[in-house]
Amino acid sequence: MIPATTSARLKKRRTRHLRERVIEGVLFLAASISVFTTVAIVYILVKESVVFFQQVPLKDFLFDTQWTPLFDDAHFGIVVLLSGTVVSSVVALCVAIPLGTIIAIYLSEFAPFALRELAKPFLELLGGVPTIIYGYFALIFVTPLLQKIYPDLPGFNLLSAGLVMGIMIIPYVSSLSEDAMRAVPMSLREGSYAMGATRLQTALKVVMPAATSGIASAYILGISRAVGETMILAVAAGMQPNLTWNPLEPAATVTTYIVQVALGDLPHGSIGYQTIFVAGLSLMLMTLMLNIVGHILRKKYREAY
Amino acid sequence: METTANAEQLVAKAQAQNLSFYYSDYQALKSINMTVHEKKVTALIGPSGCGKSTLLRCFNRMHDLYPGNRYEGGIRLHPDNTDLLSPDVDPIEVRMRISMVFQKPNPFPKSIYENVAYGLRVRGVNKRVILDEKVEEALRDAALWDEVKERLDDLASNLSGGQQQRLCIARALATEPEMILFDEPTSALDPIATANIEELISELKEKVTILIVTHNMQQAARVSDFTAYMYLGELVEFGATDQIFIKPQKKETEDYITGRFG
Ligand SMILES: Nc1ncnc2c1ncn2[C@@H]1O[C@H](COP(=O)(O)OP(=O)(O)OP(=O)(O)O)[C@@H](O)[C@H]1O
Ligand SMILES: [Mg+2]
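Residue numbers (my numbering), protein chains in the order written: chain A, 1 to 305; chain B, 306 to 567.
A hint or two may mislead.
[Stated by the list, open to error] Which chain A residues stay away from chain B? Per the calculated CB distances, all over 12 Å, these:
1. Y106
2. I133
3. I149
4. D152
5. M186
6. E190
7. M195
8. T198
9. K205
[As the list claims (entries may be wrong)] List time: in silico DSSO-like cross-link candidates among lysine-lysine, alpha-carbon distance up to 27 Å:
10. A/K300 - B/K335
11. A/K205 - B/K552
12. B/K409 - A/K299
13. A/K299 - B/K415
14. B/K454 - B/K432
15. A/K59 - A/K120
16. B/K432 - A/K205
17. B/K512 - B/K439
18. B/K415 - B/K552
19. B/K344 - A/K205
20. B/K415 - A/K300
21. B/K432 - A/K300
22. B/K512 - B/K335
23. B/K335 - A/K205
24. A/K205 - A/K299
25. B/K409 - B/K432
26. B/K409 - A/K205
Keep in mind that the hints were calculated from the coordinates and are not lab data.
All C-beta atoms in this analysis are idealised placements derived from N, C-alpha and C, irrespective of residue type, glycine included.
Can you make the complete structure from the sequences, with help from the hints?
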């Protein structure tokens, strides 16, 4: 005969086990929602893009130099939109990467403790400002300022939008880079100082190389932000497709094109409607590629110290 | 062991004079007076927390790196006969002349070659021929050359712990310092690597003055000419190693050395 106490214990364990299982299930469900959403987005983008490519040859999509999907004489050269994205991103990164890196070096290696604690929330605030506000700041403040230097600058241009976008991205670059540099063990810095190095030499020759993987991630995140940014460009860069590598011109980007067309009322199934999805897919592929590069860099430099 | 240490001509390299040190309000060193002799090995021994590392790190002004640290008294550096703790003395200049090897090997995330060349580059030496020559010399002096000469461009982190520590010694040697500070350089190493480093230290004293912190009394007895016993921030006894180990003057020293305490 089994004693009553034993069976009572057994019963308790069973409920605990059940509870574990339920919690596990809930967690799994939560995790699968995000995976499912990603898969669904990719599925829709690919499915609609397939429809698009049944009508437009891939060759035209890649090599045509015009993007006029809504005209009677329709052209679908994605490079037109990509040029806007690339130029505005390059301008933004020319601001964000040097400034973000310098700020990170300063805060991590030079700033006194109190200043560092003060500066961090301010920088994070900079990243929290809604991008529409940056957009208007570019259009109403920065563009007129630039026009004082260069009077022929059009009211909408990639330069002004890119510069402001760069400012927006600074905190993403600086915050992650600073974390990476601060994670470098003190013993490495001491080793450098003990050799008679200055603070700057220590920061540039020892701390930064040791933090390469984290700094690379920060840069990749910055690039992703620039490529995906929409509002600032929609407001300040104009939205007409324009194949240009000149930041002084207005141009549409992949993102602003999507906004523009998505807001219009195109009939479902029309080729114009389909372009939203190929544009979206292109954007997705770009960010995916960046993520992969970031992953490789992190892997490569992970155990630097 | 040199029993003649006292009889030889001794030249002072550095002299701590009434040296006290404070971590903010905590006094970690209490009026230390001690002489480090040129081209001799001086060992600092004593129980954990007695201030050995703190004293060692005064000699290259390492404490300047952190806010709130304060020195009192001085350390006279010879032949200049200058107080290296004085506010007019640039700690970087001090560190250019007094190198340091740490408890845990801390090679930089660079190649073996660049690790050794680091101190030279910091001093503005960038000529490849000079660097090549000095790097080789330092690696030879650190007894590492034969093991790494084929792979100078490999990352230093690929070396074993003992090799990394010898690399750090080579790094410290490359700039031809007058004095090297060792903070328990073998505590992270196995017995063979430890023996290598000890042998190396004995050879190095031909060239440089050495101040070494060690937990290991046999090590102190093996490698040093002079020994300082510290306790609770004070220098209890200082003398020739033989004398300290064979007939210590103070009861505390004897208790520590014979293992009755610590
Ligand atoms: N950064 C610091 N801030 C405050 N107190 C410190 C600091 N570093 C060390 N101390 C204190 O100073 C005293 C001496 O420390 P020190 O590191 O010099 O000891 P040690 O003799 O080297 O010990 P060990 O053999 O364990 O390395 C200890 O009481 C320690 O707690
Ligand atoms: Mg110590």
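Each hint tested on the structure:
1. Y106: Answer for A/Y106: holds, closest chain B Cβ roughly 17 Å.
2. I133: Fine: 38 Å to the nearest Cβ keeps A/I133 off the interface.
3. I149: The claim stands: A/I149 keeps its Cβ more than 12 Å from every Cβ of chain B (closest is about 40 Å).
4. D152: About 46 Å separates A/D152 from the closest Cβ of chain B, which puts it past 12 Å; holds.
5. M186: violated, 9 Å
6. E190: violated, 7 Å
7. M195: violated, 4 Å
8. T198: violated, 6 Å
9. K205: violated, 7 Å
10. A/K300 - B/K335: Measuring from Cα to Cα gives roughly 49 Å; hence the hint is violated.
11. A/K205 - B/K552: With a Cα-Cα distance of about 49 Å, the restraint between A/K205 and B/K552 is violated, given a limit of 27 Å.
12. B/K409 - A/K299: holds, 25 Å
13. A/K299 - B/K415: holds, 17 Å
14. B/K454 - B/K432: Satisfied, since the Cα-Cα distance of roughly 19 Å is no more than 27 Å.
15. A/K59 - A/K120: violated, 48 Å
16. B/K432 - A/K205: At roughly 18 Å apart (the allowed maximum being 27 Å), A/K205 and B/K432 satisfy the hint.
17. B/K512 - B/K439: At roughly 15 Å apart (the allowed maximum being 27 Å), B/K439 and B/K512 satisfy the hint.
18. B/K415 - B/K552: violated, 48 Å
19. B/K344 - A/K205: Between B/K344 and A/K205 the Cα gap is close to 32 Å, so the pair fails against 27 Å, i.e. violated.
20. B/K415 - A/K300: Measuring from Cα to Cα gives roughly 14 Å; hence the hint holds.
21. B/K432 - A/K300: violated, 30 Å
22. B/K512 - B/K335: Status violated; Cα separation ~31 Å.
23. B/K335 - A/K205: violated, 37 Å
24. A/K205 - A/K299: Answer holds: A/K205 to A/K299 is near 21 Å, not above 27 Å.
25. B/K409 - B/K432: Violated, at about 31 Å.
26. B/K409 - A/K205: holds, 20 Å
In summary, the numbered hints that this structure violates are 5, 6, 7, 8, 9, 10, 11, 15, 18, 19, 21, 22, 23 and 25.
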